[in-house]
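Colleague: The listed protein sequences derive, respectively, from chains P and H.
Residues in the first sequence are numbered from 71 upward in steps of one, following my numbering.
Residues in the second sequence are numbered from 3 upward in steps of one, following my numbering.
Certain hints may be false.
Unchecked claim - With a Cα cut of at most 30 Å, we get these calculated DSSO-like pairs of lysine-lysine: (1) K719(P) / K48(H); (2) K879(P) / K181(H); (3) K788(P) / K125(H); (4) K850(P) / K188(H); (5) K785(P) / K125(H); (6) K622(P) / K29(H); (7) K879(P) / K29(H); (8) K226(P) / K324(P); (9) K188(H) / K879(P); (10) K28(H) / K511(P); (11) K188(H) / K874(P); (12) K29(H) / K511(P); (13) K78(H) / K719(P); (14) K874(P) / K78(H); (15) K879(P) / K78(H); (16) K489(P) / K570(P); (17) K874(P) / K86(H); (18) K48(H) / K511(P); (19) K78(H) / K852(P); (20) K759(P) / K78(H); (21) K833(P) / K48(H); (22) K612(P) / K655(P); (23) K181(H) / K721(P); (24) K125(H) / K625(P); (25) K847(P) / K86(H).
Honestly, the hints are just simulated from the structure, not real lab data.
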Amino acid sequence: VALLATKLSVEYGGSFSEHTGSHTFAMSQQQQQINKTDINTSQQEQEKLLEDAKQVVKVQAFQMKRALDSNKLMEALKHASNLICELRTGLLSPKYYYELYIIVLDHLRYLEMYLGEDKHGKSLGELYELVQYAGNILPRLYLLITVGSVYVKSKKVPAKDVLHDLVEMCRGVQHPTRGLFLRNYLSEMTKDKLPDEGSEYHGAGGTVKDAVEFILSNFIEMNKLWVRLQHQAPQKDKEKREQERKELGLLIGKNLSRLSQLDGIKIEDYKLTVLPKILKQVISCKDKIAQQYLMEITIQVFSDDFHLQTLDQILKTCAQLTPEVEIKSIIVSLIDRLANYVSRSPNEVPGDIHIFDLFYENISTVVKSRSPMPLENVLALQVSLLNLSLKVYPNQHDYVDKVLGFCAEQLNQNQQSSKELSKNAIKEIFRLLRIPQDVYKNVLLVLNLENYAKVTNVLSFLDRRKISLDIVQNAIDNDTKISSGDEVEKLFSFITPLLKDETDQKETVNDTDFEEEQHLVSRLVHLVQNPNVEALYGAYIKAKSQFDLGGKRKKFTLVPLLFSGLRLAQRIHNGRLKDENWEKKIRAILKFANDCITGIKQTPNSSSLVVKLYLECGLVAGKCGIDNFAYEFLTQAYNLYEEDIADSKEKFATINYIVNVLYQVDCFNEEQRDPLVTQTVQYAAKLVKKPDQCRGLFMCTHLLWVEYNDAKPPKKIKDGKRVHDWLTRAMKVAGSVGELEGTSNLALFVEGLDRCLYYYENKNEAVTTDFVNKLIKHVKTKIEEAGSSENNSNVNLHLNNILKHIQWKRQNDARYEAITI
Amino acid sequence: MNKVLILVLGDLHIPHRAHDIPPQFKKLLVPNKIQHIFCTGNLCTKEAYDYFRSLASDVHIVRGDFDENTSYPEDKVVTIGQFKFGLCHGHQIVPWGDYEALAMLQRKLDADILITGHTHEFKAWDYDDKFFINPGSITGAYSGLSSNVVPSFALMDIQDSRVITYHYQLIDGEVKVAKIDFSLPKKGEKK
């Protein structure tokens with residue numbers, strides 16, 4: 071060996087002792103460079119340094135290649151060593167060092183290829199010894215790795231021996247940046263030479279165990295170097311250093327990636343050997359950047375079934391990480407991965423692994439041990455757990471409730487220390503409340519969760535309102551049936567921000583939003599359904615008692631409730647042959663409807679709505695034969711007309727409605743009906759505008775010409791003469807319409823004509839052919855007098871249509887022949 | 003020949019008497035397939051109007067007795083192709099649903115086809131060479147006039163002087179369709 075050493079030292083330009091000396095020199099030079107490490111040099115300076123280094127490398131690489139071309143291996147090695155020496159710098163920041171490193175690697179690849187071709191005549195074993203005499207440790211190790219790689223490939227030596235040797239030798243470089251890149255080179259060069267199961271190096275070259283040991287060793291050392299990088303710089307450069315470290319994370323992470331790619335690692339090995347070693351290093355390094363990154367990578371690279379078996383280990387490790395590590399994202403990514411995995415392949419879960427319990431217990435521990443953990447992070451963890459529970463255990467509603475219970479507890483504690491909820495915390499709370507809604511698609515199931523309300527109640531009024539709107543919208547979208555008073559009560563207790571003024575309500579909702587919200591609540595009422603009449607009525611009563619507390623909201627909410635009642639009354643009436651109590655029930659419902667109207671009446675500007683509602687109720691009462699209720703409802707409508715309806719257009723519309731409803735009601739006797747009819751005609755006659763009077767009278771004529779075929783007994787009211795009289799009266803009013811109003815009386819005349827024809831068609835004897843003919847003549851004259859103008863064209867058209875109609879009628883009815891057109 | 007489809011519907015009464023158009027109907031109502039919408043009224047709120055506008059760009063609405071928007075007209079006349087359509091809710095007509103009274107309105111509006119609602123009962127008939135149609139209530143909303151309301155609407159397909167009306171109704175959760183044919187008389191010809 072000594073002889074060899076002397077020979078080598080001559081070639082290398084120095085005696086062995088010198089060599090040792092130069093080794094020391096090299097060390098002290100390194101030391102100096104460590105002290106000189108001032109990566110605060112500006113970008114410009116870095117670029118200059120890099121350029122200079124690249125120049126040297128270029129020159130040396132050229133010479134190396136020339137030497138290799140002439141098979142002068144020793145000379146080539148000398149140049150290789152020189153170019154690697156540029157990597158000995160301590161002045162480049164990782165970013166620039168990496169650039170240099172890549173260039174050097176390129177040249178080493180060339181060398182590697184040459185060595186593999188076996189043109190140099192030396193054995194690889196010899197070479198392996200040879201390169202260890204390189205002057206400085208860094209080129210020595212780079213060359214060793216290069217040769218070692220070829221050596222292993224040749225299979226002349228067991229892979230495990232070389233791997234073990236190399237990973238140990240690398241300890242010689244303790245400088246963080248240089249060490250990391252060196253070991254990265256080691257990792258890259260050996261990645262396809264690991265004695266994994268199924269690889270060509272397995273067996274004689276070693277076993278998976280050797281591969282694992284190699285990678286783990288490299289990983290642990292790299293992590294130590296990486297952490298050391300943090301402490302190199304002065305305190306003031308801390309942030310910059312942290313940024314540089316994060317950029318380097320990939321180098322260390324690759325080791326874990328390699329581990330995950332080994333086919334030969336079985337689940338037991340992972341559980342008992344591999345993972346514990348990784349986690350031990352993670353914990354012991356006590357460095358927040360390393361811990362954060364490594365935990366995330368570990369979860370990323372290893373497979374889901376491995377994670378399932380080692381959940382406990384990972385979660386317990388999380389609890390021991392340094393306080394600055396943000397474990398929320400670590401655990402959340404783990405939960406989400408597993409939730410997806412298990413929902414995709416539910417059969418893969420071993421029966422003895424209770425995922426939910428494991429997570430729930432460990433998260434509770436973590437939260438307690440790391441307090442004060444920011445509330446939003448605690449909640450984010452719970453949201454992930456909620457998702458897991460819904461995906462993996464869809465039928466275990468109590469798991470969801472458990473999660474909500476934990477959150478409620480945390481929120482209460484937070485409230486007691488009167489801390490305001492951060493925006494992110496509120497975001498997480500919304501997710502907690504919305505996800506069950508989306509998944510269950512049935513608000514009643516959601517509201518059965520005992521802790522749901524507890525979580526909702528910590529929110530501000532406006533946020534509670536948002537959740538309430540979600541609940542109502544969810545019920546409507548999913549057509550969720552609400553079938554009992556209890557369910558109504560429960561649902562309504564969750565949407566109180568929509569139903570009444572709340573004590574903590576500081577802000578008023580703007581009008582448009584308020585209306586939209588009330589429309590939504592109104593729609594909800596129609597989801598209350600039940601085939602059992604009593605149960606349904608009970609539910610309506612409950613709903614009303616809640617709506618009654620709503621003040622101005624009653625104008626919106628009691629309307630659908632009223633109509634639901636009327637709908638129920640109709641249902642009962644349809645089934646009256648099978649139910650002897652039908653009339654009692656309908657009376658009760660009509661009283662309920664009346665109460666609803668009373669409530670609506672208390673809200674401002676409700677008169678025109680209320681009068682229609684009274685009439686709707688009157689109609690129902692009439693159709694069911696409950697004449698005293700029908701009479702009362704109608705008189706209520708009349709009272710309101712007299713007291714509260716002032717606008718002339720509304721007055722007219724109301725009379726129109728009254729006439730139509732009165733026309734439909736067949737249960738009144740003469741005593742009841744006459745005063746109602748008389749009063750209606752008086753209203754029409756008293757309208758201020760003459761055209762309204764005229765048309766009102768036209769409408770009223772029908773009250774005297776009606777057949778009630780469903781009445782018991784069937785009856786007719788056909789007072790032909792009075793109809794004729796009222797028609798005449800109306801036409802007189804039309805005639806007296808002032809000239810200032812233009813041709814509007816022409817339209818009235820034509821309408822009147824058509825109305826007379828209605829009675830002619832219906833064989834009212836008082837409306838004679840003669841009467842009709844006179845009327846036609848009169849109308850035609852008036853139109854001629856008015857002359858033709860744009861305003862007249864509609865009237866002319868109308869008249870022509872009537873005349874054409876008469877002509878058409880002649881085909882089937884000879885009486886029409888007598889009418890002259 | 004460009005297809006001319008008209009959706010005829012009304013009396014939704016949302017939210018007073020119903021919470022939504024039945025999903026079986028909503029599935030059939032796809033945007034950009036229909037050119038015109040005639041609505042007999044009683045939406046009763048803006049949300050329904052917005053929904054109609056999302057289906058077609060030409061929407062005609064007349065005022066129903068419970069519509070919150072009081073600016074809709076009492077009646078409307080729209081000409082499409084060879085047909086003059088008259089549109090009115092029908093609560094103004096005395097008596098409600100009376101054929102002769104409706105014919106009076108048709109003559110006044112000079113309509114070839116009169117569309118009215120209010121009774122919540124689908125009806126289609128012709129009289130005096132004119133066509134009358136009531137699309138019923140698309141939501142099957144309660145009506146004091148009818149003891150059994152079936153959700154319904156109509157789709158009209160105009161082809162020159164002929165209109166084919168498709169009557170859609172929802173019975174026991176299933177959509178049933180019936181066809182009604184009507185043609186304008188040839189000029190000078192009376193049926």
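Colleague: With reference to the structure, classify each hint as holding or not holding.
Modeller: Outcome of the hint check:
| no. | hint | in the structure |
| --- | --- | --- |
| 1 | K719(P) / K48(H) | 23 Å, holds |
| 2 | K879(P) / K181(H) | 28 Å, holds |
| 3 | K788(P) / K125(H) | 27 Å, holds |
| 4 | K850(P) / K188(H) | 28 Å, holds |
| 5 | K785(P) / K125(H) | 26 Å, holds |
| 6 | K622(P) / K29(H) | 36 Å, violated |
| 7 | K879(P) / K29(H) | 44 Å, violated |
| 8 | K226(P) / K324(P) | 28 Å, holds |
| 9 | K188(H) / K879(P) | 19 Å, holds |
| 10 | K28(H) / K511(P) | 20 Å, holds |
| 11 | K188(H) / K874(P) | 16 Å, holds |
| 12 | K29(H) / K511(P) | 20 Å, holds |
| 13 | K78(H) / K719(P) | 18 Å, holds |
| 14 | K874(P) / K78(H) | 22 Å, holds |
| 15 | K879(P) / K78(H) | 27 Å, holds |
| 16 | K489(P) / K570(P) | 27 Å, holds |
| 17 | K874(P) / K86(H) | 17 Å, holds |
| 18 | K48(H) / K511(P) | 27 Å, holds |
| 19 | K78(H) / K852(P) | 27 Å, holds |
| 20 | K759(P) / K78(H) | 23 Å, holds |
| 21 | K833(P) / K48(H) | 45 Å, violated |
| 22 | K612(P) / K655(P) | 17 Å, holds |
| 23 | K181(H) / K721(P) | 42 Å, violated |
| 24 | K125(H) / K625(P) | 33 Å, violated |
| 25 | K847(P) / K86(H) | 29 Å, holds |
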